[in-house]
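Asker: Working from the sequences, and respecting the hints, build out all of it.
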Amino acid sequence: SQQGEEDPQALSIQEGENATMNCSYKTSINNLQWYRQNSGRGLVHLILIRSNEREKHSGRLRVTLDTSKKSSSLLITASRAADTASYFCATNFNKFYFGSGTKLNVKP
Amino acid sequence: NAGVTQTPKFQVLKTGQSMTLQCAQDMNHNSMYWYRQDPGMGLRLIYYSASEGTTDKGEVPNGYNVSRLNKREFSLRLESAAPSQTSVYFCASSTRDRNYEQYFGPGTRLTVT
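From first to last, the protein sequence lines are chains C and F.
The first sequence begins at 1 in the working numbering and counts up one residue at a time.
The second sequence begins at 1 in the working numbering and counts up one residue at a time.
Hints in this document: simulated from the structure, not taken from any laboratory.
Note that the coordinates shown come from a computational prediction; the quantities given were computed from them, not determined experimentally.
C-beta: ideal position from N, C-alpha, C; glycine also.
Be aware that one or more of the hints could be misleading.
Unchecked claim - Pair by pair, the computed Cβ-Cβ distance ranges are:
#	chain 1	residue 1	chain 2	residue 2	range
1	F	Asp56	C	Glu15	40 to 48 Å
2	C	Glu55	F	Lys14	47 to 55 Å
3	F	Glu52	C	Asn94	42 to 50 Å
4	C	Glu53	F	Asn28	25 to 33 Å
5	C	Gln9	F	Asn99	22 to 30 Å
Answerer: What follows is the structure in structure tokens.
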């Protein structure tokens, strides 16, 4: 079974709105990473948050981590049509486990 | 810098046939991985290699074998393909220096009939 689970499974918003995706996981982690996948392509790394960090920013991305609840969230602010993609969280503790992903559609 | 390359891009096999998926990286990474991605699902780890000369099973290793040929190359072999192995296969590499951030290849789309 997969370590991480994202919700929602799908999200549709208008350009300019914020998009929030959540990830829950089951066991201990060294760090948690978020990836983006455009249709039919390989995954691209977005941001990493270590287990001793609570929040991290990178451009329009904000990631939070709550190890007591075993959950993380990814916020994309001021979304653009080019942000349309699937987003996956991945937990790292000796091995990598990916969640099932959130499919984001940003309408122009 | 090509990053992570995979061959072939597409492949159709009949049940029982064998084939090897090739992966190479030019980033001098120690760790390499093979994943499969089924429709609507995330990636599942098949095998990984923490360093040259070592390989370990991931979440779904049954029906696959791997070879870490050298630091650059990590191949995945299907000895007797089954329809359940129809999937998109991704190779990735990483290094401890970058917290094992994964760099992915473009994928191989495999169909087993």
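Asker: Now look at each hint and say whether the structure bears it out.
Answerer: Evaluation of the provided hints:
1. F/Asp56 to C/Glu15: 40 to 48 Å: 44 Å, holds
2. C/Glu55 to F/Lys14: 47 to 55 Å: At roughly 52 Å between Cβ atoms, lysine 14 of chain F and glutamate 55 of chain C fall inside 47 to 55 Å, so the hint holds.
3. F/Glu52 to C/Asn94: 42 to 50 Å: Roughly 18 Å apart at Cβ, these two residues miss the hinted range, so it is violated.
4. C/Glu53 to F/Asn28: 25 to 33 Å: The hinted range 25 to 33 Å holds for glutamate 53 of chain C and asparagine 28 of chain F, with Cβ atoms some 27 Å apart.
5. C/Gln9 to F/Asn99: 22 to 30 Å: 28 Å, holds
Violated hint for the displayed structure: number 3, the only one.
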